[in-house]
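Student: Residue numbers (our numbering), protein chains in the order written: chain S, 2 to 441; chain V, 2 to 441; chain W, 2 to 441.
FYI, nobody ran anything at the bench for these hints, they're computed from the structure.
Given the structure is predicted, the values throughout are model-derived calculations rather than measurements.
Treat the hints loosely; a few may be bogus.
Which copy is meant is left open, so a pair is good if it fits within one copy or across any two.
List of simulated lysine to aspartate or glutamate pairs, EDC-like, C-alpha gap at most 20 Å [claimed, not checked]:
#1 Lys243 <-> Asp400
#2 Lys60 <-> Asp400
#3 Lys425 <-> Asp63
#4 Lys282 <-> Glu74
#5 Lys243 <-> Asp63
#6 Lys243 <-> Asp295
#7 Lys84 <-> Asp158
#8 Lys179 <-> Asp63
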Amino acid sequence: MTGQSSSKNEALGSQMHALARRLFPICRSITGDGVRQTLSILREHLPTLEITEVPSGTKVFDWTIPDEWNLREAWISGPDGRKIVDTATNNLHVVSYSVPVRRRLSLDELQRHLHSKPELPDAIPYVTSYYSRNWGFCLSQRQRDALLPGDYEVCIDASLTSGSLTYGEFRLPGTRDKEILLSTYVCHPSMANNELSGPIVATFIAKWLMSLQRRGFGYRLVFVPETIGTLAFLSRSLDELKRQVAAGFVLTCIGDERAYSYLASRRGNTLADRAARHSLKHLVGSFNTYDYLDRASDERQYGFPTVDLPVCSLMRSKYGTYPEYHTSLDNLDLVTPLGLEGGFRIVKHAIECLEANQTYRATTVGEPQLGRYGLYPSLGGAQASEQVRVMLNLLAYSDGEIDLLAIADLIARPLPSLLPAVRKLVSAGLLAPSDGHTER
Amino acid sequence: MTGQSSSKNEALGSQMHALARRLFPICRSITGDGVRQTLSILREHLPTLEITEVPSGTKVFDWTIPDEWNLREAWISGPDGRKIVDTATNNLHVVSYSVPVRRRLSLDELQRHLHSKPELPDAIPYVTSYYSRNWGFCLSQRQRDALLPGDYEVCIDASLTSGSLTYGEFRLPGTRDKEILLSTYVCHPSMANNELSGPIVATFIAKWLMSLQRRGFGYRLVFVPETIGTLAFLSRSLDELKRQVAAGFVLTCIGDERAYSYLASRRGNTLADRAARHSLKHLVGSFNTYDYLDRASDERQYGFPTVDLPVCSLMRSKYGTYPEYHTSLDNLDLVTPLGLEGGFRIVKHAIECLEANQTYRATTVGEPQLGRYGLYPSLGGAQASEQVRVMLNLLAYSDGEIDLLAIADLIARPLPSLLPAVRKLVSAGLLAPSDGHTER
Amino acid sequence: MTGQSSSKNEALGSQMHALARRLFPICRSITGDGVRQTLSILREHLPTLEITEVPSGTKVFDWTIPDEWNLREAWISGPDGRKIVDTATNNLHVVSYSVPVRRRLSLDELQRHLHSKPELPDAIPYVTSYYSRNWGFCLSQRQRDALLPGDYEVCIDASLTSGSLTYGEFRLPGTRDKEILLSTYVCHPSMANNELSGPIVATFIAKWLMSLQRRGFGYRLVFVPETIGTLAFLSRSLDELKRQVAAGFVLTCIGDERAYSYLASRRGNTLADRAARHSLKHLVGSFNTYDYLDRASDERQYGFPTVDLPVCSLMRSKYGTYPEYHTSLDNLDLVTPLGLEGGFRIVKHAIECLEANQTYRATTVGEPQLGRYGLYPSLGGAQASEQVRVMLNLLAYSDGEIDLLAIADLIARPLPSLLPAVRKLVSAGLLAPSDGHTER
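Isolated chain S (complex conformation):
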């Protein structure tokens, strides 16, 4: 990387991190104003982001959109009257989707509504109770251990009433009826890798796509509450998606610096999987591969047999595998400018591979005489140059069925590095596209 592009990328990482800091304090859940605020801020970057509201009670396949939850405040005050736990300090202190409550109770009674994490005594755990009416507070084990006997007052000033679920959809039309899908979620309160990293990388990918000279694919980026929002989105678009999606990626946990990871689609070898593995191999070399059996995010819906879209996941440290996961320690120290920028680069590279991917066929019977086209060193005897070898391999494997991505894998070179040779061969009429992009 040149110094210039490096500092450009650092700048990009900083911009992404700045956006993360702005979104971090918002109290998101699967419904409510937190989602709306988040999408509204993303719309500053993506003016054409469409917001969809799906009313409570709407059936989405096997599910029903729940009542909308909005929190004003939630706190516990101790025997001495002092607030000891307060969502004004950290959104994670309240169990998401807690029903309203305001009363006094003993420590024993209170304990039944508390959640902490003994193995991470300083972390506030993240707990939800979306589909079962309940209430509770989360706090660090250390704080919980210090609670004294006595009377406590709890207040959860929240509304849980008919409203709607909100999701955002950003589309860039293509010139073909095939599209690339990126899906990320916006339903977690103040945590950084899971989940702010996903929508932030997706937003900056969308901005980059707007500036990109695209070759045909349309793009659809969805910012959805996990699971229920994904199902709501799918319920409105499934037929279209089944016809159009050539490849898709779930973007999640994509902002820390510790690893790069890939989770396979159910089928395991879709175009999305191939582009993801190819990009990770050439851009970062060593990465974690997870099986579809390891899934626990929106791949569950995209890969479900009745949905069956070619979608895999791109991540840095996968959810559930790092100690800070689903706690207050998953914060903006863990997610860094460099971490976000690495996540951005891998998604960008995978998209560049998809944009460049094409099935060609050689047009000559037998090898062409490259020299006639100015493509061959005039003096034999010496080793044919690497560039000539790449051209001969492109020709030899372009049988109208094997796509560039497969040829790049076969000759162990990054797809983008083949493009100068491809362009020369196409210009010379020696390679011809074979009916449209491949969708394998």
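Go by the hints and put chains V and W onto chain S.
Tutor: The following block gives chains V and W in isolation, referenced to the frame of chain S:
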């Protein structure tokens, strides 16, 4: 295993061993009264066992049913007039299918008709001469070495005349036109692993099947003289078998305690192979796998390209691999109650897997909301339980093509352990059987 | 190998080496009288060798037959007037296809037209400039380093004018419309492994084929200038070749003693590949396998997607992998009688496998009674002999789809060793050919 079922199984092993002891002394060959006596005793356990007699001279494919052989007595008396070898002591002393003989001869002449096994000097070897008229005696190397020069008298009082070949067939009708075949043989004289273990395990499997709430498969268990009897059976039933057999197992050498073994069908990945490997993997963990190239029993006929039935073999120590094989040392010390009971358990488990196997399809678009059906812990945040994970995997892989056995292999769990979750999902309407049992 | 056949083979190696010595001094290039002289000498061995002349300017696919090049002499004389480099000594001294030149020039100017190989200071490198008008001399680094400043005279007395490209084609008709193709090249001047070994082994294979009782395949052996000659040949015969070629081999670098090598076809598992690997495995055991990615000879044309013939390469030390490659050190010390004889043997074995290969089907339902046909030891009990086992395996795998070559691979035996058993089974009517040779 609970203490109760353990002692129940010990009881089962003891019952099987008792039956073995009763059958052991009978002089079986590929035809004759020994087979009839054996089947008659098995009929005490399986009253509906049908006996078929195929007359000598009948063509069965490329073969012809030979004359029937019955032995009254066979002995050698030495120069001092004392009987030194006598089938009254051990049936193995006579070469099976020996023609009648009664005469005096010198030791030199006698030697040309003797068989022993130098590498196992105390063992009487097992020798046959079914299709070439001959006679001979078998004895231990130690006994043979002690023979003194002089005149000997030999007597083989046997009949080898037109009669019939006898086999037994036990059938349990199913509610579908598909059946499970078990094949075992009843043509070896006093030996225990090869072969009494096979018919004994088959008999007790038949008894268990009679008490089983079966789901649709019919069952056919055949007790046949090896090779010629199998061909006789096939010649009468091949078209029906080709239409109906979903999976089959040859049961042989299935009563010792030293190993568990599986010999693949010719095709190698039939439903029978899959059930056999799955059961062995989960029930015993470590087992020997043999290729079809290693076959030497009735798999030769079932897998022959013009027969081509999905049949593999379940064994403990495979024929030909243990030192006592085809000698008098293959006795009821080698075959034990525990050994027989282990053989029984593996066949039972494979059948249970076949009974439970089914291809399902998920009925919802996207994952169902398990909580609506009382199938999900109400509080998120915590790890979804193992049971939930199993249910989600059952749903995610039930695409109408992959059967339960394959899903069980994929998620590395024994098929029976998935059944409670399958039943819950089917009850909830979330999984639906996909046209009938799978036959892959 | 018996002493007799060993000395017969030594005689064969000596004959091949003698022919190599005779052809070695000829100045070959991709056109010209050197090719004609070479083919004329080969015609002494193969009287029906057909010579084709393709005129300069003829289009062959993407290429055009170049002007014909003939060299009379080429030399450099030094400041003292003495000839220091002269093609009379070694043909490699002139860059092949050099345009005529005769002039005096300074050492500095001369250096721009000299080629040497610093890493092999005693070797004259081999350099060509077929498609770019140029001239030059090749000499050892040691000689080049000794050149003194001063005036030099260079003379290349060559003609480069309209003429033709010459290739030879030897055909043996078959009784079927399928043929075996052998392709080798005749365009390199005085070098031995690359390339005299190829045409010499091909010539002796052709002589052997003439004496062979063949079973149906036709044979076509082509002696072509590499690349351009191959394309010229293909341009005249492609449709026929696509219909008829069942398997083909490029023979190149097949006369040294250091290794045996195989380079896969593009598809990698054609009948040619299977025969080549089978023969190498059983005849020499350990050999080098190269991928189609490693190709640099005429496989480039035969495997090109628009040509797509089932052709792989048989070699001893592959071009480009041995230090003497493309230098004057690739001589008749490197290529030996023993080396050539080994090359001959491997090609012969591969052809014998193709000749013998056939798909059979078993004719009986279930195993036949081998004893009825005199094919089984009459006494059971003992281990069935190896011969019986081979027969039973031939029967058990002959399902009308798997060919003998595949069965031989499956049972890990050389195909020719199976033929006695195959013949017995066919004679007995137990195996029947399944419609013609397989072409898989």
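Student: Determine for every hint whether it applies to the structure shown.
Tutor: Here is what the structure says about each hint:
| no. | hint | result |
| --- | --- | --- |
| 1 | Lys243 <-> Asp400 | between (28 Å within a copy, 16 Å between copies) |
| 2 | Lys60 <-> Asp400 | neither (48 Å within a copy, 23 Å between copies) |
| 3 | Lys425 <-> Asp63 | between (53 Å within a copy, 16 Å between copies) |
| 4 | Lys282 <-> Glu74 | neither (47 Å within a copy, 56 Å between copies) |
| 5 | Lys243 <-> Asp63 | within (19 Å within a copy, 43 Å between copies) |
| 6 | Lys243 <-> Asp295 | neither (24 Å within a copy, 41 Å between copies) |
| 7 | Lys84 <-> Asp158 | within (15 Å within a copy, 105 Å between copies) |
| 8 | Lys179 <-> Asp63 | neither (28 Å within a copy, 35 Å between copies) |
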